[in-house]
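Could you build the full structure based on these sequences and the hints that come with them?
Protein chains: 2
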Amino acid sequence: MTPYYAVIFRSERTEENKEYAEIAHLLEELAKKQPGYIDFVSGSGLNNISISYWEDLEAVKRWKNNATHQLAIKKGKDEWYKFYKVEIALIERAYEWNREQ
Amino acid sequence: MTPYYAVIFRSERTEENKEYAEIAHLLEELAKKQPGYIDFVSGSGLNNISISYWEDLEAVKRWKNNATHQLAIKKGKDEWYKFYKVEIALIERAYEWNREQ
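Line order of the protein sequences matches chains A and B. Going by this note's numbering, the residue at position 41 of the first sequence is 41; the numbering climbs one at a time, nothing skipped. Going by this note's numbering, the residue at position 13 of the second sequence is 1013; the numbering climbs one at a time, nothing skipped.
Hints were generated in silico from the structure; no laboratory data involved. Treat each hint with caution, since some may be false.
[What the hints assert, rightly or not] Listed below are the simulated EDC-like cross-link pairs for lysine to aspartate or glutamate, each with C-alpha atoms no more than 20 Å apart in a straight line:
1) A:Lys82 to B:Glu1096
2) A:Lys33 to A:Glu58
3) B:Lys1064 to A:Glu92
4) A:Lys77 to B:Glu1016
[Claimed, not checked] Computed, partial: chain B to chain A, Cβ under 8 Å:
5) Val1041
6) Phe1083
7) Trp1097
Positions of the beta carbon are idealized from the N, C-alpha and C atoms, including for glycine.
What follows is the structure, given as structure tokens:
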């Protein structure tokens, strides 16, 4: 239910990397356990858009400061990413359409 | 420069479709010419995340009501999509990191 928060993460990676894939999966599982977590969606490939959804800005900040997440950010800068952009978004309105309904 | 708006469009398509790809490309070119347009990013594949960026909510609404865009939305419901979700987001904060800097 709006309003809620989204963190849009757009990245370009240096190369396909097994360790990256493993840690990305671990982080996704860890994010799901955080208070205020709503959802996570991600594309695939070296140019990627991922979006995590959170109940409020406090939940966004807690996740940013999570120690394991911080380690992954450092690893990302050291090795995985050429570029990334983070956007903190307040979702004001949302609607969906489903062929089956 | 924040604040600005993003329209997050998540979709599942029915199948790969040449006409879809052509019209998606046309629409992207058309969006670029609209007042208030900032940027457009998209993943690829049948499960897709696309984000268009706009200077303000007026620009978002104008683009939604654009006649060609409306035709594409109708076509999408008739043929291309199984599911889609639209989220209107106010980008409050943004930062980026670049290996080269």
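Against the structure, the hints come out as follows:
Distance restraint check for A:Lys82 and B:Glu1096: the Cα-Cα separation of roughly 11 Å lies within the 20 Å cut-off, and the hinted pair is therefore satisfied. Proposed proximity of A:Lys33 and A:Glu58 is supported: the alpha carbons are some 15 Å apart, at most 20 Å. Only pairs whose Cα atoms come within 20 Å are accepted, and B:Lys1064 paired with A:Glu92 is accepted, the gap being roughly 16 Å. Proposed proximity of A:Lys77 and B:Glu1016 is contradicted: the alpha carbons are some 35 Å apart, above 20 Å.
Among the interface hints, the one on B:Val1041 holds; its C-beta lies about 6 Å from the nearest C-beta in chain A, closer than the 8 Å criterion. Using the Cβ-Cβ criterion of 8 Å, the hint placing B:Phe1083 at the interface with chain A is satisfied: the shortest such distance is roughly 5 Å. Interface hint status for B:Trp1097: upheld, as the beta-carbon distance to the closest one in chain A is roughly 5 Å, under 8 Å.
The structure shown violates just one earlier hint, number 4.
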